[in-house]
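Novice: The whole structure should be built from the sequences, with the hints applied where relevant.
There are 2 protein chains.
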Amino acid sequence: MDPNISSRIRVHRHSERGHYDFNTIYSIMDEALYCHIAVIRDGVPVVLPTLHVRIEDQVYFHGAVAAGIFKDLKEEAHATLSVTLLDGLVLARSAYNHSLNYRSVVVMGTPYEVTDVRHKTSVLKAMVEHVMPGRWNDCRRPTDVEIKTTRVFGIPLTEASAKIRSGPPLDDVSDLSLPFWAGVVNMKQLAVECVQDPQQSPDIKVPPYLPAK
Amino acid sequence: MDPNISSRIRVHRHSERGHYDFNTIYSIMDEALYCHIAVIRDGVPVVLPTLHVRIEDQVYFHGAVAAGIFKDLKEEAHATLSVTLLDGLVLARSAYNHSLNYRSVVVMGTPYEVTDVRHKTSVLKAMVEHVMPGRWNDCRRPTDVEIKTTRVFGIPLTEASAKIRSGPPLDDVSDLSLPFWAGVVNMKQLAVECVQDPQQSPDIKVPPYLPAK
Chain A
0 MDPNISSRIR VHRHSERGHY DFNTIYSIMD EALYCHIAVI RDGVPVVLPT LHVRIEDQVY
60 FHGAVAAGIF KDLKEEAHAT LSVTLLDGLV LARSAYNHSL NYRSVVVMGT PYEVTDVRHK
120 TSVLKAMVEH VMPGRWNDCR RPTDVEIKTT RVFGIPLTEA SAKIRSGPPL DDVSDLSLPF
180 WAGVVNMKQL AVECVQDPQQ SPDIKVPPYL PAK
Chain B
0 MDPNISSRIR VHRHSERGHY DFNTIYSIMD EALYCHIAVI RDGVPVVLPT LHVRIEDQVY
60 FHGAVAAGIF KDLKEEAHAT LSVTLLDGLV LARSAYNHSL NYRSVVVMGT PYEVTDVRHK
120 TSVLKAMVEH VMPGRWNDCR RPTDVEIKTT RVFGIPLTEA SAKIRSGPPL DDVSDLSLPF
180 WAGVVNMKQL AVECVQDPQQ SPDIKVPPYL PAK
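Heads up: the protein sequence lines correspond to chains A and B, in order.
Using numbering that gives the first Met the number 0, the letters of the first sequence correspond one by one to residues 0 to 212.
Using numbering that gives the first Met the number 0, the letters of the second sequence correspond one by one to residues 0 to 212.
In case anyone wonders, no lab produced these hints; they're calculated from the structure.
Do not rely on the hints blindly, as some may be mistaken.
[Claimed, not checked] Here are the computed lysine-lysine pairs in the DSSO-like style, where the Cα-Cα straight-line distance is at most 30 angstroms:
1. 187/B <-> 124/A
2. 187/A <-> 187/B
3. 204/A <-> 187/B
For clarity, every value in this text was computed on a predicted model and none was experimentally measured.
Specialist: The structure is reproduced here in structure tokens:
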């Protein structure tokens, strides 16, 4: 299956930054812990952050039955989902060429609801594992009621593109000799501390999948 | 000026996580380096990441005259802008109560174009300073042509809300004695390395505003 590089998903501005291969799109989606989903509500575009997970060629998101955004997904509603990873601050010699290094993905499609309990459970498992690999086997599994009060939606990754900016600033040749330091401040989303729930005994075994800090 | 807490901007789901005061909304917008903007294009919602900056009670974003998203902002178009800061991975005893700690802001409004050159320049200055405080006085300022080929839009922060989840997992009382480690892995977007442009002499003075790493 090839992605359908429609005009609306194609990267037009800085087209050299556009990528359409699955490996690139999937790796960005898998590294990002949350996405932004846009839908139309009462004629205006709304956008909300939410957790997502990719399984094969589908991206899934979920929420409580009562959540507002799901009221907009009753019928054949369009949605666009975007994930963005910030990789660096690009300090050019010119103010004009300042930029960010980033990897982003945009997916357009019509979300479908996942109602099959086995399918739904496998998505919820993948979501927990996306937040913390190894965790599904070290927590209480969802009950039937919990599964019922959660709605899960999927969007096929048939209309998706990635856009990546990397590397040093791109200054005009005439600016290269200017006396301003130029380069990139690389950025990373890092685990900085593990804080145990104060309601729990500190004697409990710290699981091996927790970050070292 | 009080924010207009309309129904569409109010936090309905987990309403206790909603915040409407300027200090909270502004501090989240100022810490975030980029936002996601949703507009309607050809009847479908599209969402794109872009740099933003807040000045007083306005949020601004910019882009090249040729950029696609600006074609959708010709008239009285609605837009929604969202910024999200990921603060932690919430590991509950139950799969169901796994979550993320985050601070997010949603702004709804009708973007207006900033065409006055002085106003536009002050926004571009604020954007550079948002990426790296201290940088505007240590780079080449934009030329008239560069300012002309950049479009700047603003949205008033009159319809904005913040949503914040913080603190430990919220497990059911009946789950509290389960033998699974519970807590939060705190996350932070950090500068990890400064990489000088290889086209520049390493003898150039490293500016004091660069992160230590």
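Novice: All the hints need checking, so say for each whether the structure fits it.
Specialist: So, going through the hints one by one against the coordinates:
| no. | hint | in the structure |
| --- | --- | --- |
| 1 | 187/B <-> 124/A | holds (25 angstroms) |
| 2 | 187/A <-> 187/B | holds (8 angstroms) |
| 3 | 204/A <-> 187/B | holds (25 angstroms) |
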